[in-house]
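Throw the hints in and build the complete structure from the sequences for me.
Sequence order for the protein chains is G and A. Numbering of the first sequence is given in full-length UniProt numbering, commencing with residue 1 and proceeding in unit increments. Numbering of the second sequence is given in full-length UniProt numbering, commencing with residue 1 and proceeding in unit increments.
Covered stretches of chain G, going by a simulated chain A footprint (3 or more residues, C-beta under 8 Å):
(1) 63-71
(2) 248-258
(3) 286-296
Here are some of the chain G residues that sit facing chain A, going by a computed Cβ distance under 10 Å:
(4) Leu52
(5) Leu56
(6) Val278
Calculated directly from the structure, the hints in this document are not laboratory data. Because the structure is a prediction, the values reported are computed rather than measured. From the three backbone atoms N, C-alpha and C, an ideal C-beta is built for every residue, glycine too.
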Amino acid sequence: MTSTATPATTGLATAARMKGARRKKAPLGEGSSRLHRSEQKWALAFVALPVLGYLLFILYPVLFALYASFTRWNGLGAMEFIGLQNYVTLLGDERFHQSMWNTIFYLLGIPIGLALALALALAMNRRLVGLTVFRTIYYVPVICSIAAIAILWQWAYNGDFGLVNQFLAMIGIDGPNWLSDATWSKPAIVVMMVWKGLGYSMLLYLAAIQAVPRSLLEAAELDGAGAWQRFRAITLPMVRPVTFFLVVTQIIASAQIFAEIQIMTPGGGPEYSTASAVFHIWRQAFQYQQMGYATSMAIVLGILIFIITLIQFRLNKRNSFVLD
Amino acid sequence: MSSTTTMDLSRTARTRITDTVVWIVLASGAIFMLAPLLWMLSTSLKTQLEVFALPPVWIPEVPQWDTYVRMWENSYILSGFANSAIVTFSVTILGTLTCSLAAFSIAKMRLPYRNAIFIGLLTGIMIPFPTLMIPQFVIFARIGWVDTLLPLIVPAVFGNIIVIFFLRQYLESVPNSLIEAAKIDGASFWQIFWRMIFPIIRPAVAAQFILWFMAVWNDYLAPILYLRTPERQTLQVVIANMNVQYATQRDYPLIMGASVVALLPIVVVFLIFQRQIIESIALTGSKG
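Shown next as structure tokens:
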């Protein structure tokens with residue numbers, strides 16, 4: 001943004017000088033400041049909607065939420081100020097702890113998905129037949145609606161007639177009734193998340209790998225570096241920004257997992273084993289009308305996600321927006 | 001001389017073997033990726049008996065195309081389509097315009113308080129929707145918008161901060177001299193935007209439009225908060241409700257058929273615009 005200043009000023013100064021030349025003895029810069037003011041008005045008008053939207057739909061709700069988290073409130077009646085009591089309750093609320101733990105468990109899908117995606121991207125970087133077809137196939141689950149995918153996998157995880165167990169039966173494994181089994185319900189959801197997100201990470205990795213200069217790899221090969229060494233010393237460091245971007249954005253997204261849980265296990269799963277943080281908040285707020293308490297949980301989750309996002313902004317150099 | 005040729009030969013042979021192995025791995029992976037979707041399609045064409053047959057029936061003997069006829073009766077799929085289309089098109093068309101104007105203002109105009117506005121909007125990205133959903137719901141409940149499509153449309157028309165930042169970044173590469181020249185020619189800022197800036201940023205706008213379109217079309221959390229009456233629900237909520245309703249009747253062909261129909265438009269859009277979508281996603285990722 002610093003770059004805008006110089007040419008813009010010179011341009012306007014030229015305009016002002018031309019005007020000044022026509023109107024004799026007009027003080028230099030008067031015309032330019034009038035032009036400036038008109039431009040400023042237009043500029044403000046052009047950002048007015050997003051700024052207004054920010055105030056109405058983000059800032060006001062956040063302040064509202066902060067206050068509501070200190071109250072007992074059913075969403076309709078009066079808000080009763082109870083200080084920090086919601087936050088104290090939250091510390092001892094086993095269901096909330098369970099839902100937070102479940103959410104952390106779901107994050108396991110991120111390293112698994114990234115490792116698979118990187119391997120796939122490396123494979124796709126070779127000159128093979130049918131690569132575009134493969135790329136499309138791997139990418140289709142990404143664009144599919146989460147509602148339809150959750151419905152599909154709920155049925156696929158059916159203990160007796162589901163695709164997963166029918167497949168396992170072919171190789172002699174007697175699979176559990178995935179979503180009704182407190183041990184297997186979370187891994188089942190992780191597998192589904194990996195399946196759905198794989199194509200996206202693969203695509204970003206592929207783009208990053210293709211940007212690795214071939215000469216670098218060839219030079220390393222001439223120096224006698226093996227395939228694994230070349231991968232460790234060149235490819236992996238070169239794709240690190242993408243890894244970083246994917247890790248952070250996927251933590252933010254997975255921390256908000258909701259639709260899969262609500263559709264596949266409407267009650268939060270056996271022993272509440274699948275309920276995510278957002279699912280628990282949604283249930284408290286919109287099924288049990290504990291709006292005040294639910295808001296305090298939403299604030300805690302929001303702060304955690306805010307911190308992760310902040311880390312992304314601070315560490316990701318590509319993302320640093322230049323201010324003047 | 002001869003030793004290098006044999007080395008080269010063995011190298012090509014080795015590469016060929018590795019390529020074959022890699023291809024087989026990729027192909028088996030592709031089968032895993034496709035299998036659930038194909039199974040959804042196959043289930044939708046089975047009879048109730050075939051669905052619960054053991055050993056499993058992979059391909060229905062007589063495809064029950066009737067599923068795709070009867071799903072429209074007594075269901076809200078049609079209104080779901082209409083509602084999803086209304087929300088998605090109004091959000092993306094109006095929202096893209098808002099975002100392009102804002103990006104132009106932030107990137108290329110003398111915007112007062114630019115840093116304050118910029119940092120303010122930046123904090124907006126960091127606050128997740130679940131934190132905002134309860135207050136937003138209460139606000140819209142107070143003005144009587146619950147059970148209408150308005151809470152899904154109106155906030156988005158005010159712009160999407162991520163889209164604004166992406167377009168702003170794209171605009172950085174547009175030379176200022178172009179805009180200065182237009183200003184000297186006496187063009188109004190609206191004319192500069194509409195005749196000059198918008199055509200320049202059109203590829204970036206198209207990329208963001210497609211991504212935003214898919215995100216809104218597939219959205220689930222906000223629609224289930226606001227939409228109660230079945231005929232006012234978006235497609236995703238409609239099929240989720242059908243899932244609950246027909247699972248008790250064990251009518252899995254119908255559930256799977258409805259899901260296929262819900263997926264189809266987006267999959268078709270994807271297959272048509274595949275190259276643009278994939279490019280824009282790779283671009284968004286590398287730009288952060």
